[in-house]
Amino acid sequence: GVGLADIVEDRLGADVVVSLTVAPGAATVTGAVAAIAAAGAGTVFYVGYEEDSADFATELRAATDADLVLSEGAYNPRFITAAGRAAEEADIVTSTAPVSTVPGFAAAYRRRYGMSPPAFAAEAYLGTATEIYKPRRDR
23 GVGLADIVED
33 RLGADVVVSL
43 TVAPGAATVT
53 GAVAAIAAAG
63 AGTVFYVGYE
73 EDSADFATEL
83 RAATDADLVL
93 SEGAYNPRFI
103 TAAGRAAEEA
113 DIVTSTAPVS
123 TVPGFAAAYR
133 RRYGMSPPAF
143 AAEAYLGTAT
153 EIYKPRRDR
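Following my numbering, the numbering of the sequence shown begins with 23 at its first residue and continues without gaps.
In case anyone wonders, no lab produced these hints; they're calculated from the structure. Computed from a predicted model, the values in this text were never measured in an experiment. Glycine included, each C-beta is placed from N, C-alpha and C at the ideal position. Heads up, a few of these hints could be off.
Claimed, not checked - Simulated restraints, written as ranges between beta carbons of each label pair:
| # | residue 1 | residue 2 | range |
| --- | --- | --- | --- |
| 1 | A61 | F127 | 34 to 44 angstroms |
| 2 | A45 | P125 | 34 to 44 angstroms |
| 3 | D89 | F142 | 22 to 32 angstroms |
| 4 | G106 | A129 | 21 to 31 angstroms |
| 5 | T65 | G136 | 34 to 44 angstroms |
| 6 | A130 | G62 | 46 to 56 angstroms |
| 7 | E31 | A60 | 13 to 23 angstroms |
| 8 | D87 | S41 | 18 to 28 angstroms |
| 9 | G64 | L26 | 15 to 25 angstroms |
| 10 | A36 | P125 | 38 to 48 angstroms |
| 11 | D113 | A36 | 15 to 25 angstroms |
| 12 | L26 | G53 | 18 to 28 angstroms |
All chains, please: the whole structure from these sequences, using the hints.
Laid out in structure tokens, this is it:
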């Protein structure tokens, strides 16, 4: 996630009031959240996976009303479950396609695996289907 964070920081330049790194799986993000609140950040961009993003979102919501933008690592039903109400106000930037772009995919996935499709499931399905079916079309 450091590479993505660096790109965002590069693009925003002087608008960045604080830049921090939180180790994946850190026991607490309290120090980082306190620094963000003290800097008066209006928007926070956080790069991390669902569990870490949920912890961060929850603590950030308790400390400040800054807008929260998350990377696609948080684009997962587990983030919503773990973050609870803090997830409701977060925005997630993702390159994934909504599963609705593959008709019937979400329902079939739920029947097969007993859960909603995670991030990139539709893309993986389409990519696999393309690779499997492509040779047949070439015949």
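Can you let me know if the beta-carbon spacing of A45 and P125 is within 34 to 44 angstroms?
41 angstroms, holds
Tell me if the beta carbons of D89 and F142 are separated by a distance inside 22 to 32 angstroms.
The hinted range 22 to 32 angstroms holds for D89 and F142, with Cβ atoms some 25 angstroms apart.
With respect to the beta-carbon atoms only, verify the hint that A61 and F127 lie 34 to 44 angstroms apart.
42 angstroms, holds
Look at the Cβ atoms of D87 and S41 and judge whether their distance stays inside 18 to 28 angstroms.
Between D87 and S41, where Cβ atoms are some 20 angstroms apart, the hint holds.
Is 38 to 48 angstroms respected by the C-beta to C-beta distance linking A36 and P125?
46 angstroms, holds
Between E31 and A60, does the beta-carbon spacing fit 13 to 23 angstroms?
18 angstroms, holds
Given a hinted range of 46 to 56 angstroms, is it respected by the beta-carbon distance of A130 and G62?
48 angstroms, holds
Has the hinted range 15 to 25 angstroms been met by the Cβ atoms of D113 and A36?
Roughly 23 angstroms apart at Cβ, these two residues keep to the hinted range, so it holds.
Take the C-beta atom of G64 and the C-beta atom of L26, compute their distance, and say whether it sits inside 15 to 25 angstroms.
20 angstroms, holds
Given the hint of 34 to 44 angstroms, is the C-beta distance from T65 to G136 inside that range or not?
Because 37 angstroms falls inside the window, the suggested range holds.
Take the C-beta atom of L26 and the C-beta atom of G53, compute their distance, and say whether it sits inside 18 to 28 angstroms.
The hint (18 to 28 angstroms, Cβ to Cβ) holds, given that L26 and G53 are roughly 22 angstroms apart.
Distance restraint evaluation - G106, A129, Cβ atoms, bounds 21 to 31 angstroms:
26 angstroms, holds
Consistency with the previously given hints is maintained throughout, with no hint failing.
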